Amino acid sequence: RTFDKIAAEGITVDVRRNNAGVWNFNQLQRRMSSSTPSSAEVFIRQLAITNGTLQVNDQKIAGLSLNISNLATKGSERTGFNLEFDDPGRNHYALSGKARLSKDPELEVALSSSSISLKSLSDLLKIKGMYLPEKGNAKLQLSADLRKGKIRSSAEMSFSSAVMPAIGRGDAFSGNLTL
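Numbering (the working numbering), first residue to last: 63 to 241.
You may find that some hints are simply not true.
Unchecked claim - Below, computed lysine-lysine pairings styled on DSS-like, alpha-carbon distance capped at 27 angstroms: (1) Lys136 to Lys165; (2) Lys210 to Lys122; (3) Lys160 to Lys67; (4) Lys212 to Lys160; (5) Lys160 to Lys210; (6) Lys136 to Lys210; (7) Lys160 to Lys122; (8) Lys197 to Lys181; (9) Lys201 to Lys122; (10) Lys212 to Lys165; (11) Lys160 to Lys136; (12) Lys165 to Lys210.
These aren't lab readings, by the way, just hints derived from the structure by calculation.
Being a predicted model, the structure only gives us computed values, none of them experimental.
Could you put together the complete structure from these sequences and hints?
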């Protein structure tokens, strides 16, 4: 079965866990996993979602745009994907890559952001007992590659005009972090 193009605009997905710890999609997941999967491969030449929103409990990602090309459910083709979104602090990110969904899966993925507000990132992370910058900007580049069961990855973050609250009235600083 082949679909040339599937497009959706303005989709909102709201995922929540109730007080008992049960996710709101558990019943749907049970129904889907109880059916026998088809042996036929499904091809989707282009899947496009624009202006989407994903909310998990109280964390919201807006401005979501997803493009997938050559999706083959049995892995006979290499799939390309691009995902762009804004975090709750209005920092913009781009995730892109290629994947093959086969018995020996392959994945190449890169995440980047050309401008991240360190203040909004600190507010979003809300890590208690950790000093995070209260001012400044950053650029981010992460990449990962899975082949033959081995993962290789790299990361680089450059930051400028950062100010740490624990340091007090010190000068702003800049730098790079590479992994």
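Now for the hints, and whether the structure bears them out:
no. : hint             : verdict
1   : Lys136 to Lys165 : 9 angstroms, holds
2   : Lys210 to Lys122 : 35 angstroms, violated
3   : Lys160 to Lys67  : 18 angstroms, holds
4   : Lys212 to Lys160 : 16 angstroms, holds
5   : Lys160 to Lys210 : 15 angstroms, holds
6   : Lys136 to Lys210 : 17 angstroms, holds
7   : Lys160 to Lys122 : 26 angstroms, holds
8   : Lys197 to Lys181 : 5 angstroms, holds
9   : Lys201 to Lys122 : 21 angstroms, holds
10  : Lys212 to Lys165 : 14 angstroms, holds
11  : Lys160 to Lys136 : 15 angstroms, holds
12  : Lys165 to Lys210 : 10 angstroms, holds
Consistency with the previously given hints fails for number 2 only.
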